[in-house]
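Could you put together the complete structure from these sequences and hints?
Residue 255 in this note's numbering sits at position 154 of the sequence shown; the count goes up by one each step and never skips.
It should be emphasised that the hints constitute simulated quantities derived from the structure, not laboratory data.
Don't take every hint at face value.
[Unchecked claim] Heads up, simulated BS3-like pairs for lysine-lysine below, C-alpha to C-alpha not over 27 Å straight-line:
(1) K478 with K128
(2) K478 with K296
(3) K119 with K132
(4) K422 with K391
(5) K422 with K461
(6) K119 with K296
(7) K459 with K422
(8) K170 with K298
(9) K261 with K194
(10) K194 with K235
(11) K296 with K128
(12) K391 with K407
(13) K150 with K194
(14) K130 with K119
(15) K296 with K409
(16) K130 with K298
(17) K407 with K478
(18) K391 with K298
(19) K443 with K478
(20) K194 with K128
(21) K296 with K170
(22) K458 with K422
(23) K458 with K505
(24) K267 with K325
(25) K130 with K170
(26) K261 with K325
(27) K407 with K325
(28) K505 with K409
(29) K505 with K128
(30) K391 with K409
(31) K391 with K296
(32) K409 with K443
(33) K505 with K422
(34) K443 with K407
(35) K267 with K235
(36) K298 with K119
(37) K443 with K391
(38) K261 with K150
(39) K150 with K235
Everything numeric in this text was worked out from a predicted model, so none of it was measured.
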Amino acid sequence: AMSDERIAGMNDFRNGSKVTDDLWGSKIKNKGLNGYAKLGIPLNESNSKNVAAVVDYSMYDMNSFFGYKSYDATQNSVFVNLMLQNQINDNHKYIVGLSGQYDNFDEHLNEAYVGREEQSAGAYGEYTYINGDKITVVAGLRLDNNNIYGWLFAPRINVKYGFTDKLVFRASAGRGFRSPNQIASNLGILSTGRKIKIEENPDMEEAWTYGMNVTGYLPIGFDKNATVSFEYFRTDFQHQLIVDQERDLSSIWLYNLSGRSYTNTYQADFSIQPVERFTVLLTYRLTDAKVTLESQGLVERPLMSKYKGVLNLQYATRMNKWTFDFTAQLNGPARLPNFMDKEYSPVYSVLFAQVTKKFKKLDVYVGGENLTNYRQKNPILNADQPYSEGFNTTVIWGPLMGIKLYAGLRFTLWK
Numbered sequence: 102a103m104s105d106e107r108i109a110g111m112n113d114f115r116n117g118s119k120v121t122d123d124l125w126g127s128k129i130k131n132k133g134l135n136g137y138a139k140l141g142i143p144l145n146e147s148n149s150k151n152v153a154a155v156v157d158y159s160m161y162d163m164n165s166f167f168g169y170k171s172y173d174a175t176q177n178s179v180f181v182n183l184m185l186q187n188q189i190n191d192n193h194k195y196i197v198g199l200s201g202q203y204d205n206f207d208e209h210l211n212e213a214y215v216g217r218e219e220q221s222a223g224a225y226g227e228y229t230y231i232n233g234d235k236i237t238v239v240a241g242l243r244l245d246n247n248n249i250y251g252w253l254f255a256p257r258i259n260v261k262y263g264f265t266d267k268l269v270f271r272a273s274a275g276r277g278f279r280s281p282n283q284i285a286s287n288l289g290i291l292s293t294g295r296k297i298k299i300e301e302n303p304d305m306e307e308a309w310t311y312g313m314n315v316t317g318y319l320p321i322g323f324d325k326n327a328t329v330s331f332e333y334f335r336t337d338f339q340h341q342l343i344v345d346q347e348r349d350l351s352s353i354w355l356y357n358l359s360g361r362s363y364t365n366t367y368q369a370d371f372s373i374q375p376v377e378r379f380t381v382l383l384t385y386r387l388t389d390a391k392v393t394l395e396s397q398g399l400v401e402r403p404l405m406s407k408y409k410g411v412l413n414l415q416y417a418t419r420m421n422k423w424t425f426d427f428t429a430q431l432n433g434p435a436r437l438p439n440f441m442d443k444e445y446s447p448v449y450s451v452l453f454a455q456v457t458k459k460f461k462k463l464d465v466y467v468g469g470e471n472l473t474n475y476r477q478k479n480p481i482l483n484a485d486q487p488y489s490e491g492f493n494t495t496v497i498w499g500p501l502m503g504i505k506l507y508a509g510l511r512f513t514l515w516k
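Okay, here's the thing in structure tokens:
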């Protein structure tokens, strides 16, 4: 069970305050409950063949307001899964099963009903082939029938191939679906001065993702086991919920994708231990993400950094009595919505550090985040006019908090 309450707004807004034309505030009250039961039954002595059943229930309740906008929602969900797993031998195993999901979303935006009742039931299967460390193939598929979206077919495959013990290739491809929650997944749009316009009922989001990874192990460094890897992944969206703030300045539009939407991700990683107990990790990621907006055509996805680089240094003394950890992060530019003065956000860097002292059953640590004290300036647009169409809290591309220092203890009760 969980319960929390969050309050935000102008400096004079307090818990219990009422919003007025001169006082803007927001309050989100969440309650949740979750319970589940699992049962597994082995069908042979080695437990290589077994059946399992899972029943899961969850309830979430939210009452919130953002200025004069209100959003109240209650979700009741039940998930049931029945699975048979069988390992035929060291090379072959499979999983088959049946599953069902029931969701009731009772949602009201400014008293207008935006909820739904959704049911789906289906079957799935997965086959795994393993040939030592040389090759692994995992192929799966599932077929579901949804009371709103009809039949949904989702295949996927993962392949791992070891050219040698020092060079490994991985590839994967698959189709995925997601039932979008228009408001709950985009709650930030309520903290604006614009009207929310839902143009049509959302489609089931659908995407194909495929990519590859090559990892090599190099005989360099103290342990003669440095690692270098390169990977590429692409996601193509066939159906997607679009949240468009650029169509006009008075409204935020929610509609289904009509055109192309994709993300290409390229990443390179390198790790090495130059000397004993000192590790260096370098990561660089390049992202090419575009989406079709009705008013502009195919454009870069807003507020998504084009690239990111990370350098992590970690040193430990003998027996790990002391551990020193330092991380530097470089964040590339992101396209800003067309109502902003600048086209892109600036490039910025942040630093993190932590020192840990280890005792017998106790770890003591101190650290800091955003040690460069970099903060996005004026993140709230038209903050002095919260009921104007220009008021907007969603254009966030950088840190909002400055230097953050912390300290803590970790106890180990038993090992």
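Verification of the hints:
About 24 Å separates the Cα atoms of K478 and K128, which keeps this hinted pair within 27 Å; it holds. With a CA separation close to 25 Å, the supplied pair K478 and K296 stays within the 27 Å bound. Restraint check for K119 and K132: the C-alpha separation of about 22 Å stays at or below 27 Å, so the hint holds. For the given pair, K422 sits about 48 Å from K391 by alpha-carbon distance, which is inconsistent with the 27 Å threshold.
For a cut-off of 27 Å, the pair hint linking K422 to K461 stands: about 9 Å separates their Cα positions. Between K119 and K296 the CA atoms are separated by roughly 21 Å; this keeps the pair inside 27 Å, and the hint holds. In summary, the hint linking K459 to K422 is supported, as the alpha carbons are separated by about 5 Å, within the 27 Å threshold. This hinted pair checks out: K170 and K298 have alpha carbons roughly 13 Å apart, not beyond 27 Å.
Only pairs whose Cα atoms come within 27 Å are accepted, and K261 paired with K194 is accepted, the gap being roughly 16 Å. For the proposed pair K194 and K235, the alpha carbon gap of about 17 Å is at most 27 Å, so the pair holds. For the hint pairing K296 with K128, the CA-to-CA distance comes to about 19 Å; that is within 27 Å, so the pair holds. At roughly 11 Å between alpha-carbon atoms, K391 and K407 fall within 27 Å of each other, so this suggested pair holds.
For the proposed pair K150 and K194, the alpha carbon gap of about 9 Å is at most 27 Å, so the pair holds. With a CA separation close to 15 Å, the supplied pair K130 and K119 stays within the 27 Å bound. For the proposed pair K296 and K409, the alpha carbon gap of about 34 Å is over 27 Å, so the pair is violated. For the hint pairing K130 with K298, the CA-to-CA distance comes to about 24 Å; that is within 27 Å, so the pair holds.
Between the alpha carbons of K407 and K478 the distance comes to roughly 20 Å, so the proposed pair stays at or under 27 Å and holds. About 23 Å separates the Cα atoms of K391 and K298, which keeps this hinted pair within 27 Å; it holds. Between K443 and K478, the direct Cα distance comes to roughly 13 Å. Compliance with the 27 Å bound is thereby established for this hinted pair. The hinted pair formed by K194 and K128 fails the criterion: a straight-line CA distance of about 51 Å is larger than 27 Å.
Of the pairs offered as hints, the one joining K296 and K170 holds, with about 9 Å between alpha carbons and a cut-off of 27 Å not exceeded. As the CA atoms of K458 and K422 are separated by approximately 6 Å, the hinted pair is consistent with the 27 Å bound. As the CA atoms of K458 and K505 are separated by approximately 20 Å, the hinted pair is consistent with the 27 Å bound. A threshold of 27 Å between alpha carbons decides the hint, and for K267 with K325 the separation of about 12 Å falls inside it, so the pair holds.
Under the criterion of a C-alpha separation no larger than 27 Å, the hint pairing K130 with K170 is consistent with the structure, at around 15 Å. At most 27 Å may separate the alpha-carbon atoms for a hinted pair to count; K261 and K325 meet this at roughly 24 Å. With a C-alpha separation of about 34 Å, the suggested pair K407 and K325 falls outside the 27 Å cut-off, and the hint is violated. Only pairs whose Cα atoms come within 27 Å are accepted, and K505 paired with K409 is accepted, the gap being roughly 21 Å.
As the CA atoms of K505 and K128 are separated by approximately 25 Å, the hinted pair is consistent with the 27 Å bound. Distance hint between K391 and K409 is fulfilled; the C-alpha atoms sit about 17 Å from each other, no more than 27 Å. For the given pair, K391 sits about 25 Å from K296 by alpha-carbon distance, which is consistent with the 27 Å threshold. For the hint pairing K409 with K443, the CA-to-CA distance comes to about 20 Å; that is within 27 Å, so the pair holds.
Note on K505 and K422: the hinted pairing holds, with a Cα-Cα distance of about 25 Å set against a maximum of 27 Å. Distance check on the hinted pair: K443 and K407 sit about 16 Å apart at the alpha-carbon level, within 27 Å; holds. Our distance criterion of 27 Å between C-alpha atoms is met by K267 and K235, whose separation comes to about 11 Å. The hinted pair formed by K298 and K119 meets the criterion: a straight-line CA distance of about 25 Å does not exceed 27 Å.
This hinted pair checks out: K443 and K391 have alpha carbons roughly 19 Å apart, not beyond 27 Å. Distance hint between K261 and K150 is fulfilled; the C-alpha atoms sit about 25 Å from each other, no more than 27 Å. For the given pair, K150 sits about 25 Å from K235 by alpha-carbon distance, which is consistent with the 27 Å threshold.
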